[in-house]
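**Q** One-letter residues, chain by chain:
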Amino acid sequence: MKLSSIATLIGADFSGVDVEIESMNTLKDANSNELSFVANAKYVKDIASSNAAAIIVDEKTKEYVPEGCVALVVEAPYWQMAVASAKFAPALEDYDSPKAIVGEGTIVSPKAEIANGARVGKNCTIMAGVYIGSNAVVGNNTILYPNVVLYRDCKIGSDCIIHAGTALGSDGFGFASDKMGMHKKIYHNGNVVIEDDVEIGSNTSVDRAVFGTTLIKQGSRLDNLIHIAHNCEIGEYSVLAGQTGLAGSSKLGRSSVFGAQSGVAGHLEIAPFNTFAARTGVTKTIKESGKVFAGFPFMDHKSWLKIQGKLSRLIK
Amino acid sequence: MKLSSIATLIGADFSGVDVEIESMNTLKDANSNELSFVANAKYVKDIASSNAAAIIVDEKTKEYVPEGCVALVVEAPYWQMAVASAKFAPALEDYDSPKAIVGEGTIVSPKAEIANGARVGKNCTIMAGVYIGSNAVVGNNTILYPNVVLYRDCKIGSDCIIHAGTALGSDGFGFASDKMGMHKKIYHNGNVVIEDDVEIGSNTSVDRAVFGTTLIKQGSRLDNLIHIAHNCEIGEYSVLAGQTGLAGSSKLGRSSVFGAQSGVAGHLEIAPFNTFAARTGVTKTIKESGKVFAGFPFMDHKSWLKIQGKLSRLIK
Amino acid sequence: MKLSSIATLIGADFSGVDVEIESMNTLKDANSNELSFVANAKYVKDIASSNAAAIIVDEKTKEYVPEGCVALVVEAPYWQMAVASAKFAPALEDYDSPKAIVGEGTIVSPKAEIANGARVGKNCTIMAGVYIGSNAVVGNNTILYPNVVLYRDCKIGSDCIIHAGTALGSDGFGFASDKMGMHKKIYHNGNVVIEDDVEIGSNTSVDRAVFGTTLIKQGSRLDNLIHIAHNCEIGEYSVLAGQTGLAGSSKLGRSSVFGAQSGVAGHLEIAPFNTFAARTGVTKTIKESGKVFAGFPFMDHKSWLKIQGKLSRLIK
Chain A
1 MKLSSIATLI
11 GADFSGVDVE
21 IESMNTLKDA
31 NSNELSFVAN
41 AKYVKDIASS
51 NAAAIIVDEK
61 TKEYVPEGCV
71 ALVVEAPYWQ
81 MAVASAKFAP
91 ALEDYDSPKA
101 IVGEGTIVSP
111 KAEIANGARV
121 GKNCTIMAGV
131 YIGSNAVVGN
141 NTILYPNVVL
151 YRDCKIGSDC
161 IIHAGTALGS
171 DGFGFASDKM
181 GMHKKIYHNG
191 NVVIEDDVEI
201 GSNTSVDRAV
211 FGTTLIKQGS
221 RLDNLIHIAH
231 NCEIGEYSVL
241 AGQTGLAGSS
251 KLGRSSVFGA
261 QSGVAGHLEI
271 APFNTFAART
281 GVTKTIKESG
291 KVFAGFPFMD
301 HKSWLKIQGK
311 LSRLIK
Chain B
317 MKLSSIATLI
327 GADFSGVDVE
337 IESMNTLKDA
347 NSNELSFVAN
357 AKYVKDIASS
367 NAAAIIVDEK
377 TKEYVPEGCV
387 ALVVEAPYWQ
397 MAVASAKFAP
407 ALEDYDSPKA
417 IVGEGTIVSP
427 KAEIANGARV
437 GKNCTIMAGV
447 YIGSNAVVGN
457 NTILYPNVVL
467 YRDCKIGSDC
477 IIHAGTALGS
487 DGFGFASDKM
497 GMHKKIYHNG
507 NVVIEDDVEI
517 GSNTSVDRAV
527 FGTTLIKQGS
537 RLDNLIHIAH
547 NCEIGEYSVL
557 AGQTGLAGSS
567 KLGRSSVFGA
577 QSGVAGHLEI
587 APFNTFAART
597 GVTKTIKESG
607 KVFAGFPFMD
617 HKSWLKIQGK
627 LSRLIK
Chain C
633 MKLSSIATLI
643 GADFSGVDVE
653 IESMNTLKDA
663 NSNELSFVAN
673 AKYVKDIASS
683 NAAAIIVDEK
693 TKEYVPEGCV
703 ALVVEAPYWQ
713 MAVASAKFAP
723 ALEDYDSPKA
733 IVGEGTIVSP
743 KAEIANGARV
753 GKNCTIMAGV
763 YIGSNAVVGN
773 NTILYPNVVL
783 YRDCKIGSDC
793 IIHAGTALGS
803 DGFGFASDKM
813 GMHKKIYHNG
823 NVVIEDDVEI
833 GSNTSVDRAV
843 FGTTLIKQGS
853 RLDNLIHIAH
863 NCEIGEYSVL
873 AGQTGLAGSS
883 KLGRSSVFGA
893 QSGVAGHLEI
903 APFNTFAART
913 GVTKTIKESG
923 KVFAGFPFMD
933 HKSWLKIQGK
943 LSRLIK
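Chains as they are written, first to last, in my numbering: chain A, 1 to 316; chain B, 317 to 632; chain C, 633 to 948.
One or more hints might be untrue.
Stated by the list, open to error - Quick list of in silico lysine-lysine cross-link-like pairs, DSBU-like style, CA-CA up to 35 Å: (1) A:K291 with C:K919; (2) C:K919 with C:K634; (3) B:K378 with B:K607; (4) B:K471 with A:K284; (5) C:K634 with C:K816; (6) C:K634 with B:K495; (7) B:K495 with B:K403; (8) A:K42 with A:K310; (9) B:K567 with B:K438; (10) C:K919 with A:K310; (11) A:K45 with A:K60; (12) C:K787 with A:K302; (13) C:K934 with C:K916; (14) B:K361 with C:K934; (15) B:K438 with A:K99; (16) C:K938 with B:K622; (17) C:K787 with B:K501; (18) A:K291 with B:K626; (19) B:K318 with B:K501; (20) C:K923 with C:K811; (21) C:K883 with C:K923; (22) A:K179 with B:K603; (23) C:K916 with B:K500; (24) C:K674 with C:K811; (25) C:K731 with C:K634; (26) A:K291 with B:K622.
No lab work stands behind these hints, which were simulated from the structure alone.
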């Protein structure tokens with residue numbers, strides 16, 4: 001889409017080189033064919049070093065946009081970013097792509113659906129009711145139990161097991177809201193990548209990234225009914241027990257272990273090799289490793305036990 | 317079903333006009349062809365103004381039933397209401413209804429199933445493994461991702477997006493129990509109505525009403541793995557983050573915002589424009605607007621922060 | 633599989649009678665054709681009375697293995713048990729078994745899949761997208777709503793109702809981990825048995841047992857989005873509200889009642905006729921009956937209310 005057309009779409013004046021914009025991205029990751037945006041003062045510092053072709057900004061942020069980068073000035077940059085995102089959403093299925101490629105030894109149930117443009121490796125088992133979207137990729141020896149859904153453009157590695165009803169690649173929970181509380185969908189044009197040797201339980205949901213990738217690294221184990229929001233990253237060999245939830249963009253280090261019904265707030269970084277008791281609610285970034293945490297708001301496990309002891313003495 | 321047959325079914329004496337009963341309903345909503353019940357003293361006040369043709373009551377409540385309304389007197393009104401409810405449950409599918417009507421421009425996967433009597437509007441996408449029940453209705457431009465289930469008689473508006481594996485219209489969690497703890501199913505013959513411009517994440521469950529409608533109003537956004545019990549009402553433009561749960565018959569006002577893993581107890585009313593931090597457990601009706609709450613039992617957010625501060629000083 | 637081959641597989645020396653091993657089991661339940669293991673000092677006491685043909689042990693546990701039982705000595709018994717478990721996992725589907733048997737009056741959607749070797753009783757309704765695995769059994773009059781998955785070897789009784797998207801028999805969350813945090817899958821070769829007159833909501837997950845059975849007894853009611861881990865047992869007429877989770881091997885007595893978003897830790901036993909408020913987190917075995925509990929860690933409900941009262945006075 002031409003940059004001038006985007007400007008028209010979002011109600012911004014346009015002057016400059018009218019390049020073809022291929023997609024949208026964060027300031028940090030955008031390349032010279034991509035559109036970015038600033039909707040929060042804390043990202044202003046990333047403007048100068050961005051390679052984006054153009055940036056959606058408001059009036060007072062405009063001055064930070066360097067020469068050679070087009071500033072698209074609007075009143076509500078986040079809302080207009082959402083408006084623009086719709087234009088980069090691919091079709092739900094690439095009906096015109098070539099038929100899916102399925103490797104030798106792979107069994108596909110006649111009741112499964114593999115969309116055009118998808119690729120499935122060797123010796124996989126794709127059971128009844130599975131849906132694999134356009135351009136999705138599955139490695140070798142992977143088992144998709146009945147009714148697993150792999151949305152378009154998402155990837156599963158080799159030697160993975162995904163249990164019944166799990167949805168990989170549903171849209172992240174992202175939208176712009178105006179003062180009246182109305183919402184404009186942010187199209188999530190990123191994907192989900194699941195590396196090799198990952199097992200995921202039944203009825204778990206992993207959302208696709210808004211840009212880039214929601215990543216589950218090799219050797220991880222996820223239980224049933226887990227919620228992984230957009231743009232999360234789960235380190236190698238991590239273990240997440242049932243009904244745990246991660247809010248958007250949080251990153252777990254290698255060998256993170258979460259007890260059941262735990263939660264992690266958004267945009268946090270958790271250092272490797274930490275353990276979290278059941279129902280821990282992590283509210284801050286954690287820089288140390290090798291510790292055990294509990295509670296909500298979380299604290300080290302021993303402190304939590306101490307507080308529970310004090311509380312139970314309160315009533316005597 | 318004739319009122320006399322219902323009386324026989326539930327073991328009540330019958331005298332009066334033997335009208336045809338078309339369905340069951342609450343005291344407030346029942347019309348003159350409907351059967352109602354009183355199983356809780358707090359509803360006795362609603363008897364006098366009810367238009368129900370007949371009311372299932374126990375011996376001591378009988379006297380409140382006005383002339384012109386038939387009192388069906390039983391020992392356990394709630395249990396007998398459950399017994400009667402089975403007789404008003406429609407078939408799981410209307411095999412004899414006319415074939416579903418599908419609007420122009422709508423794409424239906426050959427692996428989706430649209431039951432007889434259903435209607436789908438224009439320019440929708442109905443992906444593989446979707447099930448749309450008899451008499452269900454879908455508006456225009458709506459996307460149902462793979463394996464979404466829309467139970468019979470339920471409705472989705474236009475411009476909605478429902479992600480993979482979400483179940484809309486499963487029976488509410490309702491049953492009568494006797495002294496030994498045995499249960500009798502209450503058939504949920506109501507439905508779910510989702511208004512226009514609603515997006516719902518993957519693997520979410522919205523239960524149908526016992527009578528009437530579980531209602532999700534326009535512009536709302538529900539995340540993954542959310543539980544909405546029977547007869548809830550979610551106000552316009554509300555936002556419910558992942559793994560939140562609402563117990564039966566609670567009503568959220570417009571622009572309610574719930575953080576992840578929140579919960580709302582049953583039969584509450586939440587005024588519009590309130591925000592709830594992650595994991596808030598709402599236990600009482602809220603009449604003020606524009607506030608932020610947290611904790612379980614819930615309190616205003618600042619008090620919750622104060623308590624957490626005090627608790628952490630306890631251990632020093 | 634010959635015992636000598638298992639020994640080779642897991643790197644143990646072998647001497648003794650080279651019997652054919654049919655399956656694996658716990659020390660208590662293993663018979664003379666079964667292999668068992670000791671991975672935790674607290675089970676050493678069960679070795680003497682075990683009927684297992686052979687037991688995987690470490691060097692220091694070897695001496696407890698009685699004559700007539702083969703000790704397979706390895707460095708990491710739990711890891712090697714996991715290695716061996718893979719050899720006893722059946723194929724995902726028994727393609728060569730006879731076609732499924734379906735009773736009179738049962739309606740099977742053409743979009744459902746019933747694998748070879750399965751048996752479905754009379755007057756059932758098997759809706760679109762349902763998958764019933766090899767050797768699975770369904771009783772009479774049972775309704776499986778769209779996209780229910782019943783894994784192979786699992787059983788559902790008569791007069792049951794299972795709502796959309798529920799997965800019965802997915803693998804339990806079990807694996808051995810080494811010092812680097814890498815994981816080896818423990819194949820779950822047990823099953824799930826659901827007795828008569830059980831209703832389960834939508835998008836609930838019930839995991840199969842590692843050995844033996846995950847059991848849901850007659851008359852129980854489970855709501856939506858519930859997580860039942862491997863080897864749990866749910867007593868007759870129990871009631872579990874939405875988003876509740878049970879960790880592995882916990883046993884609930886008859887008529888256990890759990891409010892929404894509750895949790896039970898692993899390996900606990902809960903006496904019959906207890907009630908748990910919403911969000912209770914049960915962390916210990918309960919031997920008394922007829923009580924009401926709340927909180928996390930849980931306590932009796934009155935104490936919990938008292939503590940909440942004290943806490944709210946703290947901030948005044």
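**Q** Next step is simple, just say for each hint if it's right about the structure.
**A** Going through the hints against the structure:
no., hint, in the structure
1, A:K291 with C:K919, "holds (33 Å)"
2, C:K919 with C:K634, "violated (43 Å)"
3, B:K378 with B:K607, "violated (44 Å)"
4, B:K471 with A:K284, "violated (41 Å)"
5, C:K634 with C:K816, "holds (22 Å)"
6, C:K634 with B:K495, "violated (54 Å)"
7, B:K495 with B:K403, "holds (24 Å)"
8, A:K42 with A:K310, "violated (40 Å)"
9, B:K567 with B:K438, "holds (31 Å)"
10, C:K919 with A:K310, "holds (25 Å)"
11, A:K45 with A:K60, "holds (14 Å)"
12, C:K787 with A:K302, "violated (43 Å)"
13, C:K934 with C:K916, "holds (18 Å)"
14, B:K361 with C:K934, "holds (31 Å)"
15, B:K438 with A:K99, "holds (27 Å)"
16, C:K938 with B:K622, "holds (19 Å)"
17, C:K787 with B:K501, "holds (22 Å)"
18, A:K291 with B:K626, "holds (24 Å)"
19, B:K318 with B:K501, "holds (22 Å)"
20, C:K923 with C:K811, "violated (42 Å)"
21, C:K883 with C:K923, "holds (17 Å)"
22, A:K179 with B:K603, "holds (22 Å)"
23, C:K916 with B:K500, "holds (31 Å)"
24, C:K674 with C:K811, "holds (21 Å)"
25, C:K731 with C:K634, "holds (31 Å)"
26, A:K291 with B:K622, "holds (26 Å)"
Against the hints set out earlier in the document, violations occur for numbers 2, 3, 4, 6, 8, 12, 20.
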